[in-house]
Amino acid sequence: MLRYTLLRLLGAIPTLLLVIVLAFLMVHAAPGGPFDDERALPAEVAEKIEEAYHLDEPLPQQFMRYLSGLVRGDLGPSYGYRDRTVDEVIGFGFPVSLQLGALAMLLALVVGVGCGTVAALRQDSLLDRAVMAFAMTGISIPVFVVAPVLVLLLAVKLQWLPAGWSGETGAARYFLPVITLALPQIAYIARLTRASMIDVLSSDFIRTARAQGLGTKAIIRHHALKPAMLPVLSYMGPAIAAILTGSVVVEEVFGIPGLGQFFVRAALNRDYTLVLGIVIFYAALIILLNLIVDILYGVIDPRVRQR
Amino acid sequence: MSLLEVTELSVRYGEETVVDDLSFSVNSGESVGIVGESGSGKSQTALALLGLLPRNANLSGSIRLDGNELAGKSDEELDRVRARRIAMVFQDPAQALNPYLRVGRQLRQILLQHRLASGKAADVRVIDMLQRVGLPDPVRQFRAFPHELSGGMRQRVMIASALIAEPDLLVADEPTTALDVTVQAQILDLLETLRDSTALLLITHDLAIVAGRCERLLIFDAGKLIESGATTAVFSSPQMPKTKQLLAAAARLDTGPIPAPVSGETLLDIERLTVSYGKAAAQRLQAVTDVSLSLRTAETLAIVGESGSGKSSLVRALLGLVPPQSGAVVYAGSQLAGSLQARLSGQRRDLQLVFQDPVAALNPQMRVQKIVAEPLQVHERGLSSAKRRERVAAMLAKAGLDKSFLDRYPHQLSGGQAQRVGIARALILGPRILICDEAVAALDGSTREQVLELLKNLQRESGLSIIFISHDLAVVRSMSHRVAVMYLGRLLEVADNASLFSTPRHPYTKALLDAVPVPDPRRALQAPPLGGEAPSMLSPPRGCVFHPRCAYAKARCSEQRPELREFAGVRVACHRADEISLNARY
Chain A
14 MLRYTLLRLL GAIPTLLLVI VLAFLMVHAA PGGPFDDERA LPAEVAEKIE
64 EAYHLDEPLP QQFMRYLSGL VRGDLGPSYG YRDRTVDEVI GFGFPVSLQL
114 GALAMLLALV VGVGCGTVAA LRQDSLLDRA VMAFAMTGIS IPVFVVAPVL
164 VLLLAVKLQW LPAGWSGETG AARYFLPVIT LALPQIAYIA RLTRASMIDV
214 LSSDFIRTAR AQGLGTKAII RHHALKPAML PVLSYMGPAI AAILTGSVVV
264 EEVFGIPGLG QFFVRAALNR DYTLVLGIVI FYAALIILLN LIVDILYGVI
314 DPRVRQR
Chain B
43 MSLLEVTELS VRYGEETVVD DLSFSVNSGE SVGIVGESGS GKSQTALALL
93 GLLPRNANLS GSIRLDGNEL AGKSDEELDR VRARRIAMVF QDPAQALNPY
143 LRVGRQLRQI LLQHRLASGK AADVRVIDML QRVGLPDPVR QFRAFPHELS
193 GGMRQRVMIA SALIAEPDLL VADEPTTALD VTVQAQILDL LETLRDSTAL
243 LLITHDLAIV AGRCERLLIF DAGKLIESGA TTAVFSSPQM PKTKQLLAAA
293 ARLDTGPIPA PVSGETLLDI ERLTVSYGKA AAQRLQAVTD VSLSLRTAET
343 LAIVGESGSG KSSLVRALLG LVPPQSGAVV YAGSQLAGSL QARLSGQRRD
393 LQLVFQDPVA ALNPQMRVQK IVAEPLQVHE RGLSSAKRRE RVAAMLAKAG
443 LDKSFLDRYP HQLSGGQAQR VGIARALILG PRILICDEAV AALDGSTREQ
493 VLELLKNLQR ESGLSIIFIS HDLAVVRSMS HRVAVMYLGR LLEVADNASL
543 FSTPRHPYTK ALLDAVPVPD PRRALQAPPL GGEAPSMLSP PRGCVFHPRC
593 AYAKARCSEQ RPELREFAGV RVACHRADEI SLNARY
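In order, the protein sequence lines correspond to chains A and B. Count along the first sequence from 1, add 13, and you get the number used in my numbering. Count along the second sequence from 1, add 42, and you get the number used in my numbering.
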């Protein structure tokens, strides 16, 4: 198991390296520079700035410099936030995004798996159809439509929840952004759980469990849930990526100072080091979480573990 | 009053009736056999008893246990009966046990659910039960996952799970169909000794299995109970034609003609063939070791062995699907290349294969016409499509299928028809050697007979040589001229059909013959079954590979590996072949 984990970690290095190279090249290929403004800078000032940020060096040299910083965990200075490094910006923004993302994921899992299981047990009933109709809607409507609608309904009309983040302190401010982020995931996980639960419930070993008189609750809990969770587990990788990209929109809509918001601002401000830093940080995060998912797969399925 | 009273039970799916107006009873402690071919409604009846039919099934009639009605009861009410009063053993333990749960937990859950034990006491009771079903080292196996156990051990676990709540009635649905013949004997004996005062309803397609074990028989055909009575009476004077047919189709090693040996020239020579998988020496699995065999023109050579004996690996090496590690295959005087790609087109044409699962071996998206024509498209490209269709139709006719089958899809064929298509596909290029890998294992009694008859006819007409891989000794006896017995990748005995079945020379051959159940209640009492199971191929025993299970083993057998040598007209790999005398039961 340990050997497997180490091998997989080593295997992730080329992937990450590729992401770094591509992201680096794309940022440098983008037209315009970080310090271009409507009013052109005096030539000597521009030269000084370029020298300070090593922008006058040839590209390979810049890349090696960036990479050597990266190895030490230094993502370099931010062009936009002049007094902060990229590390500091990520350190400030990520905890907020992490809270949102983790809460959304948790909500999606609990509600999605719950709804999917109930739908599978009452296959083709009215309840099943209702859950599936809701799921289809949840998948079809994008986050940037759901967010304003929820705000309009729950915050503006009914005034149950705060519409934004700033100025609020309590747990209430989490509700709308987390629900918005979780909604499409709830929908997808519910569909996935329903399908795989129906599949598992029709297998021979469930018939054995029924013949043993275990009853529905014990059958789901002890026999069916674990195998039915395998497809959901495989979906965790893409789900995490979807929640990360979703949080970019959600943070913008609700005015949350998370990493997603910094990312959007950085792109608009041509703060290339920050864009590059966040892209690489997210890529590493997604690779790591996918690795954890793969390892969990082995924990659930003993037959995978042996290989 | 009887324990179980079934009256006018019917099971319908829409318009289709699978169990029709069925009435029977089972007394306390009695053992009753239900016998019928696939599709006769026997499994549906078993599922109906426990309320396990699928939701779209329509059940009518009455099922009474100790006078209490079970039919139409809710799952919650039935849960108190399941396992506690009526327990079930299913056919395939690989599917019927939960692969994600440790064996101990699956058994423990039953005790907890029925409040029979809890905590440490439940664990103790589970381990005790595992011990009683003969699991070696039950404390360790408590923590094993099903895939870590052999097929026989898994079925023992299944039986343990059925008996742990001490039911009054045990329903065993084809409990040994998925198992090897020597293991089958062990499992049937285990069921008999363990059930004690529990009544047994043994469901099977094989009359031989119930012959010595059940007091009464119920014969099913097409959803109906057609005959019932004491086992001895049904065997001695069957009333219905279908019962007579079942009796005739039951595997017998003591009647029927044996093909005489053929004396043609040698067509195929297998010389010291060794096949192994895995590169690293420590993990290498030697599936076939040092096998030498020859096949004559128009001869049928059977290769017999239990699962894991290396039969299929031998076939794969013959066909060039896996290159042998050493040794050679010589066909018509020239050595065949190890890999299929390197063989000449003519050599590839001349060796063809018929598969075990007839329906799964056919592409579901192709019509029969295209399936059978495919080899022609590869090997005879010049053929016009009209000519090709003609050849296909002629070949199908030979295989016993008329023109109306040309445009059918595989799912529109019965098992027997699908296997005829498989045989037509294999023979359309006019090969000289046909390899049948368990080709009739998936077919029912009468269909099996017809396909075997077809193979024999084709051999008679065209002088075809057949390598017939099978675990079914009765089929081998009626089909083959010579028989080779394999165990753990090695040949233990090669003999003419007649001498192998009358005077086996190797103790393993004798054990295999003894393990075949006899469809005769008066003669069914048999020698104690071969103990243990075949060891892992990854660590074969030193000396003779069979010695750990052999009743005749001496010190020498565990030290020195016996060579395959000529003895009394047969080839046998046993140190003691000339000291011991083994006689078949017949």
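There's no promise every hint is true.
Derived list of chain A stretches under chain B, where covered just means 3 residues or more per stretch with a C-beta under 8 Å from a C-beta of chain B [to be verified]:
#1 62-69
#2 80-92
#3 310-317
Under the rule of at most 25 Å between Cα atoms (straight-line distance), these lysine to any residue pairs were calculated in the SDA-like manner [what the hints assert, rightly or not]:
#4 B:K440 / B:D399
#5 A:K230 / B:A136
#6 A:K239 / B:R147
#7 B:K115 / A:R135
#8 B:K115 / A:T18
#9 B:K321 / A:S216
#10 B:K286 / B:T219
#11 A:K239 / B:Q137
#12 A:K230 / B:G161
#13 B:K498 / B:R97
#14 A:K239 / B:K115
#15 B:K321 / A:R135
#16 B:K321 / A:K230
#17 A:K230 / B:K286
#18 B:K498 / B:R338
#19 B:K412 / B:R338
#20 A:K230 / B:R126
#21 B:K115 / A:R316
#22 B:K266 / B:A113
Note that these hints are calculated values from the structure, not bench results. A virtual CB, placed ideally from N, CA and C, is assigned to each residue, including glycine.
Comparing the hints with the structure gives:
Counting residues of the stretch 62-69 of chain A whose beta carbon lies closer than 8 Å to any beta carbon of chain B gives 0, which falls below the threshold of three, so the coverage claim is violated. With a threshold of 8 Å between beta carbons, the proposed coverage of the stretch 80-92 of chain A by chain B is violated, since 0 of its residues qualify and at least three are required. Under a criterion of three residues with beta carbons nearer than 8 Å to beta carbons of chain B, the stated coverage of the stretch 310-317 of chain A is upheld, 4 such residues being counted. About 21 Å separates the Cα atoms of K440 (chain B) and D399 (chain B), which keeps this hinted pair within 25 Å; it holds.
For the given pair, K230 (chain A) sits about 24 Å from A136 (chain B) by alpha-carbon distance, which is consistent with the 25 Å threshold. Simply put, K239 (chain A) and R147 (chain B) have alpha-carbon atoms about 14 Å apart, close enough for the 25 Å limit, and the pair holds. In summary, the hint linking K115 (chain B) to R135 (chain A) is supported, as the alpha carbons are separated by about 19 Å, within the 25 Å threshold. For the hint linking K115 (chain B) to T18 (chain A), the alpha-carbon distance of about 51 Å lies beyond 25 Å, and the restraint is violated.
Between the alpha carbons of K321 (chain B) and S216 (chain A) the distance comes to roughly 36 Å, so the proposed pair goes past 25 Å and is violated. A threshold of 25 Å between alpha carbons decides the hint, and for K286 (chain B) with T219 (chain B) the separation of about 22 Å falls inside it, so the pair holds. The hinted pair formed by K239 (chain A) and Q137 (chain B) meets the criterion: a straight-line CA distance of about 16 Å does not exceed 25 Å. This hinted pair checks out: K230 (chain A) and G161 (chain B) have alpha carbons roughly 20 Å apart, not beyond 25 Å.
Our distance criterion of 25 Å between C-alpha atoms is broken by K498 (chain B) and R97 (chain B), whose separation comes to about 45 Å. For the proposed pair K239 (chain A) and K115 (chain B), the alpha carbon gap of about 29 Å is over 25 Å, so the pair is violated. About 51 Å separates the Cα atoms of K321 (chain B) and R135 (chain A), which puts this hinted pair outside 25 Å; it is violated. Proximity of K321 (chain B) to K230 (chain A) is assessed by CA-CA distance (about 47 Å); at most 25 Å being required, the pair is judged violated.
Between K230 (chain A) and K286 (chain B), the direct Cα distance comes to roughly 48 Å. Violation of the 25 Å bound is thereby established for this hinted pair. Our distance criterion of 25 Å between C-alpha atoms is met by K498 (chain B) and R338 (chain B), whose separation comes to about 15 Å. At most 25 Å may separate the alpha-carbon atoms for a hinted pair to count; K412 (chain B) and R338 (chain B) exceed this at roughly 32 Å. Our distance criterion of 25 Å between C-alpha atoms is met by K230 (chain A) and R126 (chain B), whose separation comes to about 18 Å.
With a C-alpha separation of about 38 Å, the suggested pair K115 (chain B) and R316 (chain A) falls outside the 25 Å cut-off, and the hint is violated. Distance restraint check for K266 (chain B) and A113 (chain B): the Cα-Cα separation of roughly 19 Å lies within the 25 Å cut-off, and the hinted pair is therefore satisfied.
Violated hints for the displayed structure, listed by number in ascending order: 1, 2, 8, 9, 13, 14, 15, 16, 17, 19 and 21.
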